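Now for the letters of each chain:
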Amino acid sequence: MNRTLYGNLIFELSKKGRKGYSLPQDYDRTHTTAELPEALRRKEAARLPECDELTVVRHYTNLSHNNFGVNDGFYPLGSCTMKYNPVINEEIAGLKAFAGLHPLQPAVTCQGALEVYYNLQESLAELAGLSEFTLNPCAGAHGELTGLMVIRAYHESRGDVRTKVLIPDSAHGTNPASAAVCGLEVVEVKSLADGTVDVEHLRQLLSEMGSEVAAMMMTNPNTLGIFEPRVLEITKMIHEAGGLMYYDGANLNALLGECRPGDMGFDVMHINLHKTFSTPHGGGGPGSGPVGVRKGLEQFLPMPRVVEAPTDSCTGESYVVDWGKSFEGKRGEELSVGNFFGNFGVMLKAYAYILSLGREHIKEVGPLATLNANYIKERLRDSYLLPIKGLCKHEVVFDGLVDKSTGVTTMDVAKRLLDYGYHAPTIYFPLLFHESLMIEPTENESKETIDAFIDVMHKIAEEAKTDPELVKTAPHNTPIGRVDDVLAAKQPVTTYWKTIAES
Amino acid sequence: MFKYFPHTEEDLQEMLKAAGAKSVHDLFDDVPEAARFKREYELPEALSETDLRLFFEQLTAPDNAMQLVCFAGAGCYDHYAPSVVQNLIQRSEFLTSYTPYQAEISQGTLHYIFEYQSMIAELTGMDIANASMYDGATATAEAAMMAWGNAKKANCVLMSETVDPKVRRVVETYAHFHGFPIKLVPAVNGVLDRSALDKEIAEGGVAGLIVQQPNYYGIVENYTGIADALHEQKGIFVVNANPSDLAILKTPAEWGADVAVGEGQSLGIPMTFGGPGVGYMACTEKLMRKLPGRIVGQTLDNRGQRAFVLTLQAREQHIRRQKATSNICSNQSLMALYVTIYLSLMGKEGLREVAEVSYAGAHSLRDKLIATGKFKDTFPGQPFFNEFCVDYEGDLEALLDECTANGYLAGVQVGEKTLMLAVTEQRSTEEIDELVEIIQQFKEEEAKA
Numbered sequence: 006m007n008r009t010l011y012g013n014l015i016f017e018l019s020k021k022g023r024k025g026y027s028l029p030q031d032y033d034r035t036h037t038t039a040e041l042p043e044a045l046r047r048k049e050a051a052r053l054p055e056c057d058e059l060t061v062v063r064h065y066t067n068l069s070h071n072n073f074g075v076n077d078g079f080y081p082l083g084s085c086t087m088k089y090n091p092v093i094n095e096e097i098a099g100l101k102a103f104a105g106l107h108p109l110q111p112a113v114t115c116q117g118a119l120e121v122y123y124n125l126q127e128s129l130a131e132l133a134g135l136s137e138f139t140l141n142p143c144a145g146a147h148g149e150l151t152g153l154m155v156i157r158a159y160h161e162s163r164g165d166v167r168t169k170v171l172i173p174d175s176a177h178g179t180n181p182a183s184a185a186v187c188g189l190e191v192v193e194v195k196s197l198a199d200g201t202v203d204v205e206h207l208r209q210l211l212s213e214m215g216s217e218v219a220a221m222m223m224t225n226p227n228t229l230g231i232f233e234p235r236v237l238e239i240t241k242m243i244h245e246a247g248g249l250m251y252y253d254g255a256n257l258n259a260l261l262g263e264c265r266p267g268d269m270g271f272d273v274m275h276i277n278l279h280k281t282f283s284t285p286h287g288g289g290g291p292g293s294g295p296v297g298v299r300k301g302l303e304q305f306l307p308m309p310r311v312v313e314a315p316t317d318s319c320t321g322e323s324y325v326v327d328w329g330k331s332f333e334g335k336r337g338e339e340l341s342v343g344n345f346f347g348n349f350g351v352m353l354k355a356y357a358y359i360l361s362l363g364r365e366h367i368k369e370v371g372p373l374a375t376l377n378a379n380y381i382k383e384r385l386r387d388s389y390l391l392p393i394k395g396l397c398k399h400e401v402v403f404d405g406l407v408d409k410s411t412g413v414t415t416m417d418v419a420k421r422l423l424d425y426g427y428h429a430p431t432i433y434f435p436l437l438f439h440e441s442l443m444i445e446p447t448e449n450e451s452k453e454t455i456d457a458f459i460d461v462m463h464k465i466a467e468e469a470k471t472d473p474e475l476v477k478t479a480p481h482n483t484p485i486g487r488v489d490d491v492l493a494a495k496q497p498v499t500t501y502w503k504t505i506a507e508s
Numbered sequence: 019m020f021k022y023f024p025h026t027e028e029d030l031q032e033m034l035k036a037a038g039a040k041s042v043h044d045l046f047d048d049v050p051e052a053a054r055f056k057r058e059y060e061l062p063e064a065l066s067e068t069d070l071r072l073f074f075e076q077l078t079a080p081d082n083a084m085q086l087v088c089f090a091g092a093g094c095y096d097h098y099a100p101s102v103v104q105n106l107i108q109r110s111e112f113l114t115s116y117t118p119y120q121a122e123i124s125q126g127t128l129h130y131i132f133e134y135q136s137m138i139a140e141l142t143g144m145d146i147a148n149a150s151m152y153d154g155a156t157a158t159a160e161a162a163m164m165a166w167g168n169a170k171k172a173n174c175v176l177m178s179e180t181v182d183p184k185v186r187r188v189v190e191t192y193a194h195f196h197g198f199p200i201k202l203v204p205a206v207n208g209v210l211d212r213s214a215l216d217k218e219i220a221e222g223g224v225a226g227l228i229v230q231q232p233n234y235y236g237i238v239e240n241y242t243g244i245a246d247a248l249h250e251q252k253g254i255f256v257v258n259a260n261p262s263d264l265a266i267l268k269t270p271a272e273w274g275a276d277v278a279v280g281e282g283q284s285l286g287i288p289m290t291f292g293g294p295g296v297g298y299m300a301c302t303e304k305l306m307r308k309l310p311g312r313i314v315g316q317t318l319d320n321r322g323q324r325a326f327v328l329t330l331q332a333r334e335q336h337i338r339r340q341k342a343t344s345n346i347c348s349n350q351s352l353m354a355l356y357v358t359i360y361l362s363l364m365g366k367e368g369l370r371e372v373a374e375v376s377y378a379g380a381h382s383l384r385d386k387l388i389a390t391g392k393f394k395d396t397f398p399g400q401p402f403f404n405e406f407c408v409d410y411e412g413d414l415e416a417l418l419d420e421c422t423a424n425g426y427l428a429g430v431q432v433g434e435k436t437l438m439l440a441v442t443e444q445r446s447t448e449e450i451d452e453l454v455e456i457i458q459q460f461k462e463e464e465a466k467a
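Chains as they are written, first to last, in this note's numbering: chain A, 6 to 508; chain B, 19 to 467.
These are calculated hints, taken from the structure and not from any lab test.
Bear in mind the structure is a predicted one, so any value in this text is a computation, not a measurement.
Quick reminder that beta carbons are idealized off the backbone N, C-alpha and C, glycines included.
Hints are supplied without guarantee of correctness; some may be wrong.
[Said to hold, decoys possible] SDA-like, lysine to any residue: derived pairs with alpha carbons at most 20 Å apart:
| id | chain 1 | residue 1 | chain 2 | residue 2 |
| --- | --- | --- | --- | --- |
| 1 | B | 21 | A | 96 |
| 2 | A | 452 | B | 20 |
| 3 | A | 101 | B | 102 |
| 4 | B | 386 | B | 444 |
| 5 | A | 470 | A | 460 |
| 6 | B | 435 | A | 111 |
| 7 | A | 368 | B | 34 |
[What the hints assert, rightly or not] Coverage of chain A stretches by chain B, computed from C-beta distances (three or more under 8 Å per stretch; other residues unrestricted):
| id | region |
| --- | --- |
| 8 | 7 to 15 |
| 9 | 383 to 396 |
[Said to hold, decoys possible] Cβ-Cβ distance ranges computed for the label pairs, FRET-style:
| id | chain 1 | residue 1 | chain 2 | residue 2 | range |
| --- | --- | --- | --- | --- | --- |
| 10 | A | 13 | B | 337 | 29 to 37 Å |
| 11 | A | 453 | B | 58 | 28 to 36 Å |
| 12 | A | 13 | B | 204 | 47 to 55 Å |
| 13 | B | 101 | A | 314 | 34 to 42 Å |
| 14 | B | 54 | A | 313 | 25 to 33 Å |
| 15 | B | 246 | A | 208 | 54 to 62 Å |
| 16 | A | 327 | B | 411 | 26 to 34 Å |
| 17 | B | 322 | A | 49 | 29 to 37 Å |
| 18 | A | 57 | B | 221 | 52 to 60 Å |
| 19 | B | 213 | A | 57 | 46 to 54 Å |
| 20 | B | 85 | A | 489 | 49 to 57 Å |
| 21 | A | 165 | B | 204 | 31 to 39 Å |
| 22 | B | 35 | A | 66 | 41 to 49 Å |
| 23 | A | 66 | B | 246 | 45 to 53 Å |
Produce the complete structure using the sequences and hints provided.
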């Protein structure tokens, strides 16, 4: 990346009369928008930029130079599974024939797209050990919310009023937030010192409120990268209390090839295609958060659904879209969580990934990701405090430096890593430790890459002893230095218009 | 080894040794035996890159993915975008980066989101926009929850029947589980029934009202006076507006909206079978701290440079957990970039030109269809933008099949007799005339039969 800041805003490059488009001019001009009553028209033209094409191309190219992606270097961001985003997937998702499909065109004219959609649903079900999937949710958190809706719809269908959801205190923030949006009351389950679920506390909670528990949400491996050793017991306990088990698929990557959520007793789950199935994060989306359910819960999945055509169909389709009965706006028994059927462009990439790896290589993903993490764990523990010994899965959590005497924090270490050309690990999460530093290498990183990273981590630990100021004031070698968060929040300036109003 | 896995046998051995294991499977010794997956996945064998290309070529062959001349809309539109847009968003520094938590190495993303927020604020006239939402439907549902959460004493959120039924269904779903009722306000002649609305507002307890502009049927509604009536009862006015049309149409802010939401796909994003698009969400400064999603703000770095950073994070799930304004975590960042580059190229004049050409095409098509004598306006006398409804006198399904067979997607059927057609600047006069011609021909054959 470019170490110098490119700071212009596109509005500052605008000059009246310039344009970056061309449209056909030979159209029937009988009607113009001037016909619309004045009461329906805006008073002043929107102040959008006026730029020529090259100015726009250079502007955004220069901006991109101040960004850091997986293609730029190692991205050990824990819990985010920043794996390689294969280029062939982009080629396939960019096929013009897919880009030109309207979501409401007759099924018989878009069988190719529906086949991808249907087969991806089926593939995910096999990988998860569940019955059926919907691909409608647009992100992981969206999937969580959808999954919880499915769970509530299930209980409602039985006339069973359950309003509580059990969530381990180590969970991602989206779990309790999704539960709250879904109208559920969050009850925290404590963790033991080793970061795993306190089963005795869970037992106690269930004895107090078991009949009110709609579900328990679990991430496994959990947010510390530890496999929950008593998961089978936990799922059994929840089922006996009449609740369902929700699997947060955030950390699914570790398990590919070794175990499946359905086999552990989970009833509902989401998968982040932008983690486990290699689709790019895009600076924060578009993602995709498919939701799967075990047998018996399929009817609660949201509409629309892509399904196999009825065998008596005479129009020759193999797959059709079921829009549901409640399409006219009445919710009825059916749920809906988006405009159409999710981010199809993202699904294409995930399906291309599954086909590229095939059954023989998908099963290598979890073991290799886990090997990389355990290797880092063992090689860094001299310099970084390892609070939980034993095996980790795809990621490892340290609690800051072993030697904290100079006051160098996890934040400082993370910022210093930027100077060396690495993305920072996830920091200050999970909340169980004060100085959490969570590293997830993924299966795509080579031993050389990891060794070089380890060397730099040790070097920073050394710097923290010999020249702590250097680390505390890092980064030094990035386009900008540390930013003033307080200023940003105190007097929020969130548009260009506010900056020019003030000057 | 597989092309995405760099581990040689020698690497494996060295790494296993350091990790204290004999084989990679030993690293799963902590997994209970009963939970271990022991068979092969029932999935196809790996495809080479060549075979993968062939496979998708087959799926995109004309029979499997018919490229129809598109007169369908209903929330997804076939607009033009300069080639530059797709090319730039594919730059790997944008494509393969994470959410911009590390501001020092994410100025590219933070910077364009700031520009995006500025453009959305300008188009809608609102004070502040967030960094984008999943889509227009979920953005509308979030607005409904915002209205509900903002109300001190309320018993429902109102929604116009002229809102897209797909969006309505999502809002209904969210509201049902979040725990508040949605009351539909009926329509007359394709627009919100004002007397029914006045009655609802007079009854009190209204947390807010959701309307759409242009509405589902393409009609440009007159919302004068609604905001005042709602505000008197402390209700919030939510306008779901097509951002492309806002080059011409009165802005949500000019209608007095507190929250503006909508689907940004119409800003040149390819249809791609319905997604990814991008939802937008904007509001007044007063509601700023209740806005869900990510927000980028301007600040300074310790070298005195103007810089951008995620801000007002005290609203968000990773800080506030169940007390957050929403569970939304990611936005639709790359699509926000798409829209930003699109709007930079189209600019002030381009977006207006898009609107003019689309408007002219839609009105020309409507005139020609009426002139065939076989259609009449579904909602006579209502002003529309680039989408409209007509009622067909014959067998509509058969007519649509005929159009499809001729390579035309003639619109979306929204009632037994009602066809909804959309025209964008991508539709040439020749295509408009050919569609009318196909319909003419078909009628004649039908008459003969």
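Hint check:
1. Simply put, residue 21 of chain B and residue 96 of chain A have alpha-carbon atoms about 17 Å apart, close enough for the 20 Å limit, and the pair holds.
2. Between the alpha carbons of residue 452 of chain A and residue 20 of chain B the distance comes to roughly 15 Å, so the proposed pair stays at or under 20 Å and holds.
3. About 16 Å separates the Cα atoms of residue 101 of chain A and residue 102 of chain B, which keeps this hinted pair within 20 Å; it holds.
4. Between residue 386 of chain B and residue 444 of chain B, the direct Cα distance comes to roughly 18 Å. Compliance with the 20 Å bound is thereby established for this hinted pair.
5. With a C-alpha separation of about 16 Å, the suggested pair residue 470 of chain A and residue 460 of chain A falls inside the 20 Å cut-off, and the hint holds.
6. Between residue 435 of chain B and residue 111 of chain A the alpha-carbon distance is near 18 Å, which keeps this suggested pair within the 20 Å criterion.
7. Between residue 368 of chain A and residue 34 of chain B the alpha-carbon distance is near 18 Å, which keeps this suggested pair within the 20 Å criterion.
8. Here the region 7 to 15 of chain A counts 5 residues with a CB under 8 Å from a CB of chain B, which clears the bar of 3, and the coverage holds.
9. Remark: the region 383 to 396 of chain A is confirmed as covered by chain B, as 4 of its residues place a Cβ nearer than 8 Å to a Cβ of that chain, reaching the required three.
10. In this structure the supplied range 29 to 37 Å holds for residue 13 of chain A paired with residue 337 of chain B, their Cβ-Cβ distance being about 31 Å.
11. The given range of 28 to 36 Å is respected by residue 453 of chain A and residue 58 of chain B, whose C-beta atoms sit roughly 32 Å from each other.
12. Under the hint 47 to 55 Å, the C-beta atoms of residue 13 of chain A and residue 204 of chain B, about 51 Å apart, fit the expected range.
13. For residue 101 of chain B paired with residue 314 of chain A, a C-beta distance near 37 Å keeps the hint of 34 to 42 Å intact.
14. Checked against the hint of 25 to 33 Å, the pair residue 54 of chain B and residue 313 of chain A passes, with Cβ atoms roughly 32 Å apart.
15. Here the CB-CB span from residue 246 of chain B to residue 208 of chain A is close to 57 Å, well matched to the stated 54 to 62 Å.
16. Roughly 30 Å separates the CB atoms of residue 327 of chain A and residue 411 of chain B, a value that falls within the hinted 26 to 34 Å.
17. Distance hint check for residue 322 of chain B and residue 49 of chain A: the Cβ-Cβ separation is about 35 Å, which falls inside the suggested range of 29 to 37 Å.
18. At roughly 56 Å, the beta-carbon separation of residue 57 of chain A and residue 221 of chain B lies within the given 52 to 60 Å, and the hint holds.
19. A hinted range of 46 to 54 Å for the beta carbons of residue 213 of chain B and residue 57 of chain A is consistent with their spacing of about 52 Å.
20. Here the CB-CB span from residue 85 of chain B to residue 489 of chain A is close to 51 Å, well matched to the stated 49 to 57 Å.
21. Checked against the hint of 31 to 39 Å, the pair residue 165 of chain A and residue 204 of chain B passes, with Cβ atoms roughly 34 Å apart.
22. Residue 35 of chain B and residue 66 of chain A have their C-beta atoms about 45 Å apart, which keeps the hinted 41 to 49 Å range intact.
23. Taking the beta carbon of each, residue 66 of chain A and residue 246 of chain B are about 47 Å apart, inside 45 to 53 Å as hinted.
Violated hints: none; the structure is consistent with every hint.
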